[in-house]
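> According to this note's numbering, the residues represented by the sequence shown are 1 to 260, in order.
Just so you know, not all the hints are guaranteed correct.
Simulated crosslink set (DSS-like; lysine-lysine; CA at most 27 Å straight-line) [stated by the list, open to error]:
{"no.": "1", "residue 1": "Lys54", "residue 2": "Lys254"}
{"no.": "2", "residue 1": "Lys110", "residue 2": "Lys172"}
{"no.": "3", "residue 1": "Lys193", "residue 2": "Lys220"}
{"no.": "4", "residue 1": "Lys251", "residue 2": "Lys172"}
{"no.": "5", "residue 1": "Lys193", "residue 2": "Lys110"}
{"no.": "6", "residue 1": "Lys92", "residue 2": "Lys109"}
{"no.": "7", "residue 1": "Lys136", "residue 2": "Lys193"}
In short, the hints are calculated from the structure, not lab data.
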Amino acid sequence: LASPGGILPHRDIIGQLPGQVLRTSAGARLLLRRPSLEEYVLLMPRGPTIAYPKDVSAMLMMMDIHPGDTVLETGSGSGAMSLFLSRAVGPKGRVISYEIRDDHHNLAKKNYRQWRAAWEIGHMEEWPDNVDFILKDISTAAADMESIALDAIVLDMLNPQSALPVVHPSLKQGGVCAVYLANITQVIDLLDKIRTCRLPFLCERIIEVTHRNWMVLPAKSLSDDAETYCSVPYVARPSFWQEAHSAFLTKLRKFRPPLS
1 LASPGGILPH RDIIGQLPGQ VLRTSAGARL LLRRPSLEEY VLLMPRGPTI
51 AYPKDVSAML MMMDIHPGDT VLETGSGSGA MSLFLSRAVG PKGRVISYEI
101 RDDHHNLAKK NYRQWRAAWE IGHMEEWPDN VDFILKDIST AAADMESIAL
151 DAIVLDMLNP QSALPVVHPS LKQGGVCAVY LANITQVIDL LDKIRTCRLP
201 FLCERIIEVT HRNWMVLPAK SLSDDAETYC SVPYVARPSF WQEAHSAFLT
251 KLRKFRPPLS
C-alpha cells in the first residue's frame, strides 16, 4: 500500500483487527479500519455520477424511510442510492430499482454485491438482500406498478416528469416522492409538468445541501513544554477544499384530489 507517508506491505495489513495503528516504511502512522458506506460509495467504480451521501441523507429524511418500507428507485446508476435505501428499509423492507441502461444496471448490481460480501467479513449478520435491480424503462412499466404499494419514491433521472404519471398511482396517499436534479431548470420543467397534467403532488420543499469544511489544528509551538490544557493556540478557519454544488432536491407529497 503506497501512500504519501510511505509504504505499508499488504502482509502487514492482512489479518489485523480494525483500530490498530501501523507504521509505514517512512515511520508514518496509519489507522487500520473498515470503510464506512459513505466512503465505499465515494470510492467504488462509477459509470454515471453518484448521488452524494450528503444529498442521500437529506432525501432519506424527506421520505421518512422506516424499516420494512417498500421504496421505488428510478435510475440505479452506480448503486449508491440503492445501498443507502437497502440499509434504511432493512431486512423486512424492499427496494425496487429501475435502470434503462444495461451498463449502469450491471455496475449497480456489481457494486451492491461487493459491498454485501465485504460487509459479511466484519459482521456477524448478513447485509440484507433486499434490492431488486430491474433493467427496464420506468415509463413503460405501468403494468408492473399495478400490483405494488409504495411507501416512497426516489427519482434520479434526466426527465423525471415522464415517470410521474406511471408511478404515482402506486404511491400511498401522503407518501413522498424525492427527486434528484442537477439543474434548477430541470426543477422548473418538473413542476410545470405537475401543473399542466394536474398530477396529485404538492411541492413541499426544494433544497440544495451544502457543507462547509473546517480546519481546526493546534498551531506549531516553539517550546515542547506547552502541554497543559488550553496552553496551545489553535488555527480555526474554513478549509481550502470545499464541496461543490451537486444537486437540487425536490420533495413532492402525494395528496388525494378533492371530489369535484
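> Each hint needs a verdict: does it hold in this structure or not?
Hints, one by one, checked against the model:
1. Lys54 - Lys254: It holds: about 25 Å lies between the C-alpha atoms, which stays within 27 Å.
2. Lys110 - Lys172: Given pair Lys110, Lys172 is violated - Cα atoms ~31 Å apart, limit 27 Å.
3. Lys193 - Lys220: violated (58 Å)
4. Lys251 - Lys172: holds (15 Å)
5. Lys193 - Lys110: Given pair Lys193, Lys110 is violated - Cα atoms ~35 Å apart, limit 27 Å.
6. Lys92 - Lys109: The given pair, whose Cα atoms are some 20 Å apart, holds under the 27 Å limit.
7. Lys136 - Lys193: Roughly 23 Å between the alpha carbons, so the hint for Lys136 and Lys193 holds.
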